[in-house]
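With these hints in hand, go ahead and build the complete structure from the sequences.
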Amino acid sequence: MEQVIVISGTRKGLGKQLAEFFLNQGAVVCGCSRGKTSIIHDQYRHFELDVADEKAVMSMTRKIKKEFGRIDVLLNNAGIAAMNHLMTTPYENARTVFNTNFFGTFLFTREISKLMMRQRSGRIVNYTTVATPLDLAGESVYAASKAAIESFTRISAKELSEFGIRVNAIGPTPVETDLIRNVPKKKLEELLAQQAIGRFGTFEDVLNVIRFFIDERSEFITGQVIYLGGVMK
Amino acid sequence: MSDNEITKLVIESVKEIGADQDNDEMINATEDTRLFGDNLDSMGVVFLVTILEESISDDLGVDIALADERAMSQKTSPFRNVKKLSHYIQMLIEEEKDS
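Chain order of the listed sequences is A and B. Add 230 to a position in the first sequence, counting from 1, and you land on the number used in my numbering. Add 12 to a position in the second sequence, counting from 1, and you land on the number used in my numbering.
Hints in this document: simulated from the structure, not taken from any laboratory. Relax, there's no trap hidden among the hints.
No more than 35 angstroms apart at the CA atoms, straight line, and that leaves these computed lysine-lysine pairs for DSBU-like:
hint	chain 1	residue 1	chain 2	residue 2
1	B	K27	A	K296
2	B	K27	A	K295
3	A	K296	B	K109
4	A	K293	B	K95
5	A	K296	B	K96
6	A	K285	B	K109
If you only want the chain B side, here are some residues facing chain A, beta carbon under 7 angstroms, derived:
hint	residue
7	T62
8	S69
9	D75
Virtual Cβ for every residue (Gly too), placed ideally from N, Cα, C.
Written out as structure tokens, the structure reads:
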């Protein structure tokens, strides 16, 4: 039977590329974004929602369960970046970053792991960033929201392991997507200089780690965070 | 839906877990059957939540999350017994209708 993969944030960037990759591999992909779909495929289902809307996430999970009966993989991909000095960061903006990054990950994990728990199997991949271990100035709110995801990844790995659910996280370096569109070039160069391997990440780099995490042979891997580019904590 | 229908759903779900856990008190569940702290540990509550949310959605057509900050409290958990849990669900469903 084909795998059923849920990916949040599939309208553009990595989420869209991942959805298209797994669709080409024959998987069923259920994605979501705040707007209409940008993917047309027989095996793709799109849900228009805000990932921090509890009712909408519950309803999405129930619809997927009704149609496909199971969810094998959850990629908590939806995220927003924010770059600002903390003294000039509006409260509303900080809340929005936490809502999408942390609370979105929390809600999708809570609802989908209820289904995975009854299947006694499931794989969840969360997204952090190298900005967290590097404690990058100018990214306090963004990095803090991802630090929350790292803790959540480790603890949910413990709480969910007895149900056969594994939870890991990938920490990409900057990948040239919309997420870093507004970051000044000089800032990006400084960041790359702090990596052991000083280049931008690519979609293939991210995909490689995700495929490793969700591979059946990785059944002994959970609660781990892998940063790209040789960034160390 | 009536209090009665909800209590019936709760009892059925408790019986299902009771059968799973070989627990006679839960297999023969009534309104007075004690749950969290006596017959159910925190994992048992988690199982009950998933089974109940699904039945409430399928049978009553309402999507609610049985998440509560007191869920794991020995004294005030709405999961203490069947009666308390049924009232709690009734309240959540009414809130959902009003929203």
